[in-house]
Each structure stands twice: as C-alpha cells, then as structure tokens.
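Visitor: For chain A, the structure is supplied; the task is to place chain B on it using the hints.
2 protein chains.
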Amino acid sequence: MRAVMMYGPGDVRVEEREKSRIEEPTDAVIRVTAACICGSDLWPYRGAEPLGITPQPMGHEYIGIVEEIGSEVTTLQPGDYVVGSFVASDNTCEICQAGYQSRCVHNVMMGAIGTQAEYARIPLADGTLVKTPGEPTPDLIPSLLAASDVLGTGWFAAVAAEAGPGKTVAVVGDGAVGLLGILAAKQLGAERIIAMSRHADRQALAKKFGATDIVSERGEAGVAKIKELTNGLGAHSVIEAVGTQEAMDQARQAARMGGHVGFVGVSHDVDIDGLELFFSSIHLHGGPAPVRQYLEHLIELIWNREIDPGAVFDLTLPFDDAAEGYKAMNERRATKVLLEF
Amino acid sequence: MRAVMMYGPGDVRVEEREKSRIEEPTDAVIRVTAACICGSDLWPYRGAEPLGITPQPMGHEYIGIVEEIGSEVTTLQPGDYVVGSFVASDNTCEICQAGYQSRCVHNVMMGAIGTQAEYARIPLADGTLVKTPGEPTPDLIPSLLAASDVLGTGWFAAVAAEAGPGKTVAVVGDGAVGLLGILAAKQLGAERIIAMSRHADRQALAKKFGATDIVSERGEAGVAKIKELTNGLGAHSVIEAVGTQEAMDQARQAARMGGHVGFVGVSHDVDIDGLELFFSSIHLHGGPAPVRQYLEHLIELIWNREIDPGAVFDLTLPFDDAAEGYKAMNERRATKVLLEF
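Chains A and B are the protein sequences, given in the same order.
Everything in the first sequence is counted per my numbering, starting at 1340 for the first residue and increasing by one.
Everything in the second sequence is counted per my numbering, starting at 1340 for the first residue and increasing by one.
Hint data in this document are derived by calculation from the structure and do not stem from the laboratory.
It is possible that some hints are incorrect.
A pair counts as met if it fits within one copy or between any two copies, since identical chains are not told apart.
Listed next, the in silico SDA-like pairs over lysine to any residue satisfying Cα-Cα at most 20 angstroms (straight line) [claimed, not checked]: (1) Lys1564 with Val1444; (2) Lys1566 with His1445; (3) Lys1546 with Glu1559; (4) Lys1566 with Ala1437; (5) Lys1566 with Val1444; (6) Lys1566 with Ile1553; (7) Lys1666 with His1538; (8) Lys1358 with Ala1539.
Chain A on its own, in the form it takes in the complex (with noise of 0.2 angstroms):
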C-alpha cells in the first residue's frame, strides 16, 4: 500500500509499504477513503517536535470502509463505512465512561500508526469507529473526515471554554480547529463570536461558521481590543488553538474574571505563572479533544446537512502529491489540505 512517511523536517515522501493488517483480536483495518494534513504533523516537519522513529508513518485523521476485523470485534463488519477519532479508546474504561476518551487507560495515539495510507490499522475497533449512517455521497466526505480530529479538537474548546447562550466567545487561531471552534460555538448557542485573525481569507470562513466579529491586532493590543468589545472585562469564553506562548497569553488575558478558557493547541514551550493565572480567576482545561464523545452528534449534524466543515479543505491534493500538501500548508498557502486516491 501507499503511505506518507517523514524522514525528517522538510522531508515527506509517498512510500509503498507493507499492506496494514490485524494485530490484535480488537484491530480492525480499514481502506482510508480520505486522508488529511493536520497542523501538529506541522511540528516535526517545522523541526519543533522530534519524530517517534524515523522514518515516521504520518497521519491520524481518517475515514474509510471496513476491510477486516479482529476476532474479538464484535460492532463492525467489512463493508461499513466509519469515521474514528485521533485516538483509538475502548470506550468502556471509567475515564472513556466519564466522557475522556482521549485519556482512554487503554488509549492508542493514530499518528503512532499512521493513517496518511490506503489502508490503516485501528485498534480497540468496537470503541474507536463510529458507523456512518450509508455510504456518504462525495460532497460529505471532506467534512466527515474533518470530524475525526479538528472539529472535534475544535469542538472539545468550544465545550471547554464552556461556550453558550448569552456567551461572547473569543478564538485565538484562526487555523482549522480555530475555524472550527467558531462553528462549535455557534452551535452550542453563543451570542457573540469574536475571531482573532488577520487573513481575509480566514476571516471570510470565520464569518461563514459564525463569527461576529474580527480582531485582527495580536497580543496586547488584541487583548486590549476583545476588553473594548466587551465592556473592559473580557470574553465569557476563550479558545486558545495555537499551542505557543503567545496565544495562551493572549486567551488568558482575553478571558474575563471567572470566564473559561478552553486550550487545545498542543502546547510548545508553554508556560504559566501559578500568581498571574490564581489573580486572572479563570477556568483553564483542555488537552487532546475527546472527539470520540462528540462522534455519532457531529456525524448526525453533517448528515443532515447542517454544518458543513469540510469547507476548512482549501486545497486538496492527489495522494502522491502529499509533499506539496505539507509544504502548502507550511507556507500557509493552504488552511487544510485533504489527500485523495
């Protein structure tokens, strides 16, 4: 089968490899209908985040049709059509049951695997995958993909930045998950969505998902400008989708005394002053996105036409192609790039 693998920054090539196959009685492999770049495969090929070995399968976000299933999987059979998280999880472990399936005692991280592929291996498949409702006509399967992992990383921060009705959100990070966060938060009710970006390209997108406003200033100034849209006290709820010191900075002094600040860009050198963050009295969670919680909804939602996420692909790419694919979206030509076979 074909597959990405990075050799090191700057250097990803389209590989043939030996075919994925079942492990484990709960594996199950499916035959990848999409692929995706995501922007933390962004971090090891930027030189900022070591590669587990070398070279590194890529890829964690998938959607496919079952191929085959272990002995003990008992949910699936081939032929099914399934989205899965970032992160396989046996959803049945008290930290899965209490909605953490991202912390599953049992979890496996996907970008260890790989699913930048034709055919991916997907352990504890009775948890992980989530039957779509049929075979998914073509316009559906950018945003199907898209719920794997950015809209529902994107989500989760909506969730944890406990946005609502009457709630004036404000996103730092205008990538994907930044989108998307302001698609999560229109959904979950919020009154007032305040994306920080400075691309009009972005912008446009923001305002598509349900942006209010924009703030194109960064740091303190960006603070300074989400207080004056907010009578000098600061956004209910915060999404910080960056993951440097500079937007968690700038997401906790946007956020008002008492507000939440939901955190999901995988944090980089990040750190946090216990007196700054005990006198700023907000809520502070996140962490990888439980998106597995947030599955059958999102799929629903996307059937039945309601939201559209796949709009955050600008660029997609045939499969062999997926060098240009990382480089686009290095160089920010690109937002999201989807691979197709």
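Guide: For chain B alone, coordinates are given in the frame of chain A:
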C-alpha cells in the same frame, strides 16, 4: 482603637490608632466582635511577601456589629450583626452577578484596610455585609468568623474541584482552609475524601470534618498513594490549599484524566508547564474565593448547627496578645488563632 500593625517580618504590634470612620457614603463602620489570624498573614510575617505600607494594618476576616453607616447605605442599620467576605464587593456588577464577587469591578481587598482591630471600615457595605438572623450565642462566633474567609475559601475550593456525589476528593494542605475544604466536600456530598496530612491533631480534625482516608506521604509518594486508593486513576477532585510549587504539582498529579483541581493557596513562585497541563487533561480553577456568593448559605448551615467550622480555631488569645498568636501559627503550634476583645 487598638489595631494589629506589622512593622516587618516577625514584628507584629498591637497599637492605639485613630478609630475607623466613614470615608465613602457607601461605607459602614463595624465594631469587630472577634478577630483572627489567617495563614496568608504569615507570608509577610515570614518575609516571603512585601508589606504594602509600613506599618501595615493587618487582618481581613471579621464579624461584628454595625456601628455607623454612610448616607447611601440602605440595607443596614446600626446594631445589625454582620459577617462579610475578605473582599468588599458591590454585588451588582456583571462579575458579581456571575458569582465572582471577589473580582467585583469595584472590589476592595479588606487586607489593605485591616480588620484585626476594634473597629473596621467596610466599603460597599450593602453589597459586602450579610446580616446574621440575630445576635449569635458565643459558641457560634468562631464559626461565623470562619465563614468570612477560611470556610468560604475551602467551600470555593471544593466547588472549583467539583466535589460532589460519587466523587473521590483529595485535599492537599491541612491548614484551616484545607480542613474546611474537607468539610465543604462532605457537605457537597463527596463519597470519599482523602486528607493529606502528617499531623495527628490535624488528621483528627480532618476526620471530624468528613475525611474518610488519611495519606501522610507527600510529593511523589503521596501521589502514588492517591493513585493506589483510586484504581490507579487518581482523584476526581483535588483541592490545593497551600500555594507552593510542591503542593500544586502534587494536586495536579493526584487528579485523574479529566478531573478537577480547585486551587486556593495564594501561589508563591508557582510555575505550570503548559505541555504537562495539556497532557494531564485536568480542569484547573482557583483564585481569591468569591466568599460573598456562599455567605447566606454558610451562615444558615452554621446557625442551624449543621456544620461547626469554628473547630479549626485551636488557640484563643486576648486581642492584646496578637503577636503571640502570629508566633504560634508561624511555628505551627496552632492551626488558627482567634483574638478576643
């Protein structure tokens, strides 16, 4: 009037000062009926925090009788018996209405005014002071005084940690706030409450307040013990009531994935690593407790003798012996000191 003044680390004196008087039309002046010393008063006493001015009037907890009211005070009369929070608040602004009275847009920290004195000026009296149902019998005074800060702060910590039915709550810190966090967790319906303490007298009080388990280990060993008691997962809820790096680390690590940490120890040189926080998937919330939010409820529980938070006072001294009270708390000979007039 007599008042406690701090001249520098270790130097506390009871002095004759000008009597407190109305300065703003929204002020009240109360005759303080009992005063006490807070763990946070020990930070400057130990030289770990600078004084605001020298000498610094001390104290921020209070109970007393209204002596005089400003021209705009409408809900109080001289003679009313009252309790207030350690932060004065208007109780009407948007932040107060959201339950964060300690961060009121007009908040005044009572520690800057000083309530270890015969009389105290209370700003924003209508918003700040809560009347007791009548004149309390002497046995209720310590408990009502505790409501002003340590009980209200422990209560907020338990709420911030989402203590409740079915939850296992771990409490880091066996000072007055930690102990009253146990009482609060019990009142909120927690199933299991693990007190972290190595002092026999405090362990006994922890059990009296509702602790079901005692862990005497600290740091990593303490965390390991909490995991051992919770199927390897960690506590659902953790209260941090110290304010040091060690206590914050212990609290974060003792919480399970998706759990809640409520921190009320004023952070001193505490640093939180963003990536560790990300992968811990905890909810982190704390700050100066919005005691005012809970006062009516706490007064009712005390008045009906459903709770006895006054039990944290283990040393009562004449007001003129305040310096000895500071010394006893600093040397950990006393958990909390009440000063009688």
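Visitor: 20 angstroms Cα cut-off: does Lys1566 pair with Ile1553 within a copy, between copies, both or neither?
Guide: Cα proximity of Lys1566 and Ile1553: one copy only (13 angstroms, versus 45 angstroms across).
Visitor: Since the copies are identical, ignore which copy is meant and state whether Lys1564 and Val1444 lie within 20 angstroms (CA to CA) inside a copy, between copies, both or neither.
Guide: Classified as between: cross-chain Cα gap 19 angstroms, same-chain 42 angstroms, threshold 20 angstroms.
Visitor: How would you label the pair Lys1546, Glu1559 (within, between, both, or neither) given a Cα cut-off of 20 angstroms?
Guide: neither (23 angstroms within a copy, 48 angstroms between copies)
Visitor: Up to 20 angstroms between alpha-carbons, please classify Lys1566 paired with Ala1437: within, between, both or neither.
Guide: between (35 angstroms within a copy, 17 angstroms between copies)
Visitor: When no copy is specified for Lys1666 and His1538, does a C-alpha distance of 20 angstroms or less occur within a copy, between copies, both, or neither?
Guide: The answer is within: 18 angstroms in one copy meets 20 angstroms, while 61 angstroms across copies does not.
Visitor: I want to check one pair: Lys1358 and Ala1539. Are their C-alpha atoms no more than 20 angstroms apart within a copy, between two copies, both, or neither?
Guide: neither (42 angstroms within a copy, 63 angstroms between copies)
Visitor: Give the relationship of Lys1566 and Val1444 under a CA distance limit of 20 angstroms: within one copy only, between copies only, both, or neither.
Guide: between (41 angstroms within a copy, 13 angstroms between copies)
Visitor: Regarding Lys1566 and His1445, is the shortest C-alpha distance of 20 angstroms or less found within a copy, between copies, in both, or in neither?
Guide: Intra 43 angstroms, inter 17 angstroms, cutoff 20 angstroms: inter-copy only.
Of the hints listed earlier, those the structure fails to meet are numbers 3 and 8, in rising order.
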